[in-house]
Every structure is written in C-alpha cells, then in structure tokens.
Amino acid sequence: MFELIGVPPQALFGQLLLGLINGAFYALLSLGLAVIFGLMNVINFTHGAQYMTGAFCAWMLLNYLGIPYWGALILAPIIVGATGILIERLFISRLYHLDHLYGLLLTFGLALIIEGLFRRQYGISGLPYANPIPGGTNLGFMFLPWYRGWVVIFSLSVCLATWFVIEKTQLGAYLRAATERPDLVQAFGINVPRMITLTYGFGVGLAALAGVLAAPIYSVNPVMGANLIIVVFAVVVIGGMGSILGSIITGFGLGVVEGLTKVFYPEASNTVIFIIMAVVLMLRPQGLFGTPK
Amino acid sequence: MQRTQNWDLRVFAALLAIGVVAPLLVYPVFLMKVLCFALFASAFNLLIGYVGLLSFGHAMFFGFAAYVTGHLAKVGTVSLPYWLPVLGWNWMVIGIAPLTPELAILGGVLVATLLGLIVGSIAIRRQGIYFAMVTLALAQMVYFLCVQAKFTGGEDGIQAIPRRAMLGLIDVSHDLAFYYVVLVIFAAGFLIIYRTIHSPFGQVLKAIRENETRAVSLGYAVSRFKLIAFVISAALAGLAGATKAMVFQLASLTDVTWQMSGEVVLMTLVGGMGTVFGPTVGAAIIIYMQNYLAGFGEWVLVIQGAIFVVAVLIFRRGVVGELIAFVRRRTSKTVAAPDTIELAKPAR
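Chains as they are written, first to last, in the working numbering: chain A, 118 to 410; chain B, 893 to 1240.
Please note that a few of the clues may not be correct.
[Said to hold, decoys possible] The following residues of chain B were derived to be distant from chain A, with all beta-carbon distances above 12 angstroms:
| # | residue |
| --- | --- |
| 1 | Thr1005 |
| 2 | Gly1197 |
| 3 | Phe1200 |
[Unchecked claim] From the derived model, a few chain B residues whose C-beta atoms are all more than 10 angstroms from chain A:
| # | residue |
| --- | --- |
| 4 | Ala914 |
| 5 | Phe948 |
| 6 | Gly1020 |
| 7 | Gln1032 |
| 8 | Phe1036 |
| 9 | Gly1094 |
| 10 | Val1157 |
| 11 | Val1192 |
[Claimed, not checked] To give a feel for the contact side, a few chain B residues facing chain A, derived at Cβ under 8 angstroms:
| # | residue |
| --- | --- |
| 12 | Met1033 |
| 13 | Leu1037 |
| 14 | Leu1161 |
| 15 | Met1181 |
| 16 | Leu1185 |
| 17 | Gly1187 |
| 18 | Glu1190 |
| 19 | Trp1191 |
| 20 | Gln1196 |
Just so you know, these hints were derived from the structure itself, not from any lab.
C-beta atoms are modelled at their ideal positions from N, C-alpha and C, and glycine is treated no differently.
Only chain B is shown next, with the shape it has when bound in the complex:
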C-alpha cells in the first residue's frame, strides 16, 4: 500500500513537471482543455471506480457550474426566489459587481456542490443500473432548466466571459498565464481526489463497492458515505466545468447535454476505471482524438461509439489498467489480482 502510494506520487510529480514545461511545445488552450476534462473524468472516476456508482449525468454539474461561473464573471447578480402574501413568488435580485475569476469559479463550485447534494440524496436511493438511469434523467431535467432559464442565454449561451485579473492583481488575460492557473486548479483537485481515495473514508467506499451488504452489517452508514462521495465528485466536476468556462470564456448548452455525460464515461473507460491516472490519460486521448477528427463531422459520433464497444468488449481495464497489469505480471511470479474493477460479481 505504502509503496504504491509513493509510486503514485512520484508519477504525479513527473506529470506535473511535464505540465509545467508542456506549453513550450503544445498550444496552451489545448492543454487547458485536457486538464479541465482530466479533472472532470477524475471526479467521475471517484464514483465509478471507488464506490461502484455509474453516474450517467455528470454533465449537469460540469455544465451548470460553467453557467454559474460565466454569469458571475460577466453579469454578477444573484437571484433568489422569495414568497410574499398577495404578491406570491418573486425574484430578489442582488447585484454584486462582476467577479474576478477565482471568485466566479468558487461560486460555480458552491452551486455544483449544492446541486450534488440534492441530486445525490435522490439518486442514492437506487443502486446499479437504476442509479445510472436516475442520474441521466435528472441531468436531462437540469438540461431543460438551462434551456429555459433566462440567465443561461438559451441557444447562445453566455459568450465573451471576461477574464479579469486574478485576486484583482495578477493579469491572466494571456492564455499562457491562465494555463498555469488551470494547472494549479487541476493539481489541487487531483490531490483532493487522491487524498479521498487513500483515506480511511476511501477504504470504506471501496468496502461498499465490493460488498455493500457487508459494509452495512459492519455498522457503516452506507448511504451517508455514498452521499458524501457523490457531493465531492459533483463539486470537483463543477470545478472542472467552471474552469473550462473561464478558459474558453464561454458557457453553452453543449456542456450540459447527455452527450457530455457520455463523453466523460468514455474518457474514464478508455483510461482505466478505478485507476488514479486513468481518467487523465483517457481525457488526453479523447480530446486529442476529437481535435484530430474535428473535420469528419458525424463520423466522430460513430468512432466514439465504436471505441465504447471495443473498450467494453476487450479493453475493460483501460490504458492505465493494462499498464499496471503488465507491470505486475513482469514483477511478480504469483498471479496478482488485477487492479481494475470488475464492477461486481457475475450475474446471479
């Protein structure tokens, strides 16, 4: 355990070092996109890989946080509903000046956390396949709310979100400067997930994944653990979406669609579910592929579908999972259990 942790951290330090010099070679906007989706996929992986919950609606946190951040940075008003006798329901509009990026992102994360709390407490009432369907349906509901709500700008989205100076001091209008901000955000989010997984709390999550009934009989309040994990995951997905809104200075409906929820599943699956670095690798692969295939139009959908099918049929461990299995085979004579999730036991 201790050894793998040291190893993980060394890989992480190496990746971070690569991240620091990468903009010298690669277009920073592309790198920022990869980092945002890597954080998004890592947040998703916290649920599927370590609690065994497949959320098919994570785009709602990603996309909604993007809207909130965009709105706070551009318009800077908060509307709260209130009720008065005779007058009925009304909106109280509190004007706060348009916010600096870090506060706007913080606002997006807070709203995503709250949304995660609401959605999570509904969704964890069902398990397995039903959980996936419930999260998908609730995400679709959030999508329709975003279509109808005024502040999201409908089909136009929120465009030209201003990127003010960080903390009012540091100029980040240049993409290269903002890249390092994004790198720090990614590293912080990644370490939060890493700490969560390797804490006693994370051990309980894994126990729930392996055998929920046994975890209950050992006295763990399983629902509460699941809910906390769900909220952490939602908050970090929101952090990723909020950051993406500041990177592209745009929040649009694309980020709340079910297709986006599917994409994050695909990234995690390709990289390796239940591995620490899998989602990051998967995000890099899929984003690179999308850039490369951008000219092929509808074929992108077909190719993504095909990757899904191939990954599920013959490549379930993902890139990182296969790598770990390969190293294990090389280093130990005994057949080690693969460090990948066979999500649960065989059917019946």
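Looking at chain A on its own, in the form it has when it is part of the complex:
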C-alpha cells in the first residue's frame, strides 16, 4: 500500500469524507442561521436544539409510527419547522422592538428547555438509528459507505437549491429586499411579518434536516446539538453572514480542514476551527465573505 505524506490513504480519505459530512452539517446549519439572521437580526441559539429535535423526530417516527428514514427525511423538517413557526409567533416576535441580544438570550433559554426535556425523557447515552442504505463500494484508494456519499451529495443539493431560491427567484428577491428595507417592502403590499415567520420555519427545517441526516451516522443524543452549535457559530463568524454561497463554501471548507487536522495533528482537531476564527478576526474582522459595516 502506498503512503501519502506518511499517512495511509485509507485514513486520509476516510477522514476527508467525515470532514465533508461534518462540513455538510456546518453548511446546512450556518445557512439556516444566516437566512434567519438576515431577516430577523436574531441569532437563533435554539438551532442546535432544533437539529437535535430533527434527529429525535426521525427516531420517534421510526419507533412509534414505523415511518422509515425516507419518510422522516420529508416529515421531520416539516414537523420541527412547524414548531419553529410556533416559537417565532409565541416568543421571538415579541422581541423585535428590542436589542437583538435579547433574541439571543431568549433562544438560549428555549434551547435549555428543549435539551432538558429530551435529556429527562431519553437520558444522555444516545439511541441507535439504523443505517437506511448499508454497504458501500471500494474505490481502490478508500472504502465509500453508500450512506455517507448520499449525505454529502444530498446536503450539497439542498444548499445549492436554497441558494438558487434566494438569489434567482421572485420569492428570493422579496426576501432579499425585506432584509434590506422591511418597511419599504411592506409598503409595497408584501406581508413581511408572515414572511419572517415562514423564513424562521424554513431555517429551523434546514436544521432538522441536518439532524435527520446525522441520525444514522452519530447516534441520536439530546446533547448532540449543544456542542455543534458553538462550532457553527465560529463557522458563521469566519464566513460572515452576508452571503449565502459564502456560508456553504465556509461550512464545507471548514469541515474538510477539521478532517485533515484529525489526520495530521489530532490534538488540535477540536480547536482548529476556533483558531481559524481567531486568525480571521485579526486579519479580516467582517469574515471571509462579509461586508464591512
């Protein structure tokens, strides 16, 4: 077997693939955060909890109702997105007239509630979720499990579809206009509050979708979202929330960097994204794709 820079290619490409998968989750989550932030100026701290809820929703659909993975892939984002809409209407919408930091504190509190309830009900040891497409193929230089390949391709398609809708369609044009000047857009007869509500639901749905995708890879666990969301915050700071495509590229890119760190310097794999964040803040505070205010 040949070696690449002193590392067996199986390990290298295996970690690279895992990095791409983590990157897919970073991209889906930071995309949702960016869309929500753009319109509402709220950083959705509940995002991690909603990702976790998505995974649990898939698990419950399977174990309580017998609905398989493919059904959950469609149903779970809709269900969790609907709870998101409820949360926006009941709580977050009351804070728009205040400083944005209150939105952060509120969603942090909601995240604690959701996580606490799931921990109470299911413990923190994690529940298994069967792989819907077992097996894989040997590519010669590495073994590719089908499911992991599916996650990368599917989440990339979802990201690009979201980019297309926001940047290239009429609906997206309204959305972008409302991000700039909600008052003016409302004056043109577009129901901005409803648009905000639906956007929040959509962003939450993306998080839940990432949760469903993650369920067969990582077990379903009440604490799976809390640690992830902090990394996603760092991803968002690195990318800057100004650009949709930027969020996608930053998400996947940082996932790969993290994967490579696991191969070449495993001690730093937990911290590498935070270190990159610190460096980016020193050199380009607005983020790689952000615009200075």
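With chain A fixed as given, assemble chain B onto it according to the hints.
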C-alpha cells in the same frame, strides 16, 4: 448622581453587615458559593450592563483561574514553553513550593487577566451578536484546552486542593474562618467594580454603550476603553473562580463549560443588568434555587431555561431593576427614565 452613590454605599454597608453575621444562621459553604458567584456575575455585569457587550464565554476566566489556583496550591510548578534549535519546543518546569491560598489566588487572577487581554483583543473586533458568538467560541476553545492539558487532570479535575494558612500565619482550614476571607475578597472586588463604574472611565464606557459612533467622534479611543473594561471584568471573574477553587478545594471541567457561561448570564439577567446590586441578588436567587432543586435532576435545566424565557419576555429589568423603578415611581411625579439598559435602540 451624588445622592444615588451615597445610597448605594449605604446599601453596600448594610449588606456587608448582614454578611458578617450571616454565618450564624446559614451554612458558611453555601454563603461562600453565593459570594463567589455574586462576584462572578458582578464582573460579567460590568461588560453587559455598562459597556453593552454580551460575553457568552465568561466561564473561561472563571474556570481557568480555578485550575491555575488549584494547581499552584496543590503542586506549585510553573511550566513555560521554550524553543531551541534541533530540540524544538520544550517545557521548562520551574518548581516553586505549593503556595498559600492568597498567592495561589493571585496567580489565578494574573493568568485570567492575561487570558482576558488575549481574548479581549480578538473579541472586541466585532460588536453585538458577533461579540457574543466570538466569546462563546473562544471559551469553547479554552474548554477543549482544559480537557486536553495535563495539569487540569482531565475528567477528574484537581481534587483535594490544600488550604494552607493564609500568609503562612492565619489558619483558614475551618470553613467559618475562610468565609470571612471570602467576604473580604468579595467586598474588594465589588468596590473595584463600583469605582470603575463611577469614575470618568466608567462614564466613557456608558457613552460607548449608548452611542458608540458618537463616542468615537468625541475623540475617545473606543477599542482601548472596551479592552480595558474587558480585562478588568476577566480578572475579577478569575478572582471569583480562583476563590471558588479554594472554597470547594476542587477545580473541575464544570466551571469552564458553556453552561457555566450561561448561568452567569442568567444570574445577572434575573438580578438586573446594569444595576449595582442586581448580579449579587441574582446569584443568591439562582444558587438558592439550584440547591433547592438539586434532587430534580434534568428538570433544573428546563427550569433555568424557563426562567431565561420569562425574564427576557416580561422581566427584563430584573429584581433590582424593578425595585429601583418602583421606588422612582413612588418618589417622583415625573416619569423617570428606568435605570435599566434597554440595550440599544429598536431594530433599525
């Protein structure tokens, strides 16, 4: 201004008097815990309440200082990295005997101050929500460093930290004796914060909170003011953590987690952001609640979350803020501006 200051100091003197006699009625360890968290929350409040910066990572100063203090008091070595040609990076281990509590705490505070300087100079490059996210991310980084570093003892933490005689003279092994040390530390930290807020420096901080652009145009080096405030806050959070390590004779990962950062936000929010006594009151309420609810397991998390939600939605002034507003309504006919921070202007 002068009148409220006199009033504040009178309340402070009364609280201190209560603090002196309190151990006759209440378990001293509980009181020491409250004092440590009250100082921690007051340090956090210096940033959110008077500069408008929400740090979501203050546990890194609290917890890391606790580790440093615990290490100095128990092992008493300092390791410095150095680089030599051929040999590369190495650690130079300087053995100093295990330290007495006051020196160990001082060491913890110094390290927290240095950490505050580093983190602060990175974090103040962004404002508002980004500042919160950056501090949270950097705190998570410190958390992972603590998990991996050898001196922190990993999952075990540093246990059985010895509490030697203060200055080599005063025996503080008894909890009641150490309680009065903690009370003095709290009072000193509290007065530092009080002086900071009521100094010309503090006035500039408030100006930055109200309108940063205007403060810049008035010629203030806003970044430097923010950084100094951040470092003071980090140092005092470190003082609180270092003291807590000596109280419980334990430094563990719990104190560096993001949950701890969230708890100090909650204490300050419940007590009243931007009020002098709010964080102390909030810390007492939350610690009491945690003790009371200790048997309920995961419900504590749910209840804390619920308090967050309720406080943000309908109780933004906090206990002390509401009290001040109530007194103002009673004493003046004119509608006084509430002495609470509506952090900034409405969205756009």
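Checked hints:
no., hint, verdict
1, Thr1005, "holds, 19 angstroms"
2, Gly1197, "violated, 3 angstroms"
3, Phe1200, "violated, 3 angstroms"
4, Ala914, "holds, 31 angstroms"
5, Phe948, "violated, 8 angstroms"
6, Gly1020, "violated, 6 angstroms"
7, Gln1032, "violated, 5 angstroms"
8, Phe1036, "violated, 4 angstroms"
9, Gly1094, "holds, 21 angstroms"
10, Val1157, "violated, 7 angstroms"
11, Val1192, "violated, 8 angstroms"
12, Met1033, "holds, 4 angstroms"
13, Leu1037, "holds, 7 angstroms"
14, Leu1161, "holds, 7 angstroms"
15, Met1181, "violated, 14 angstroms"
16, Leu1185, "violated, 12 angstroms"
17, Gly1187, "violated, 13 angstroms"
18, Glu1190, "holds, 4 angstroms"
19, Trp1191, "holds, 7 angstroms"
20, Gln1196, "holds, 6 angstroms"
The structure shown violates the earlier hints numbered 2, 3, 5, 6, 7, 8, 10, 11, 15, 16, 17.
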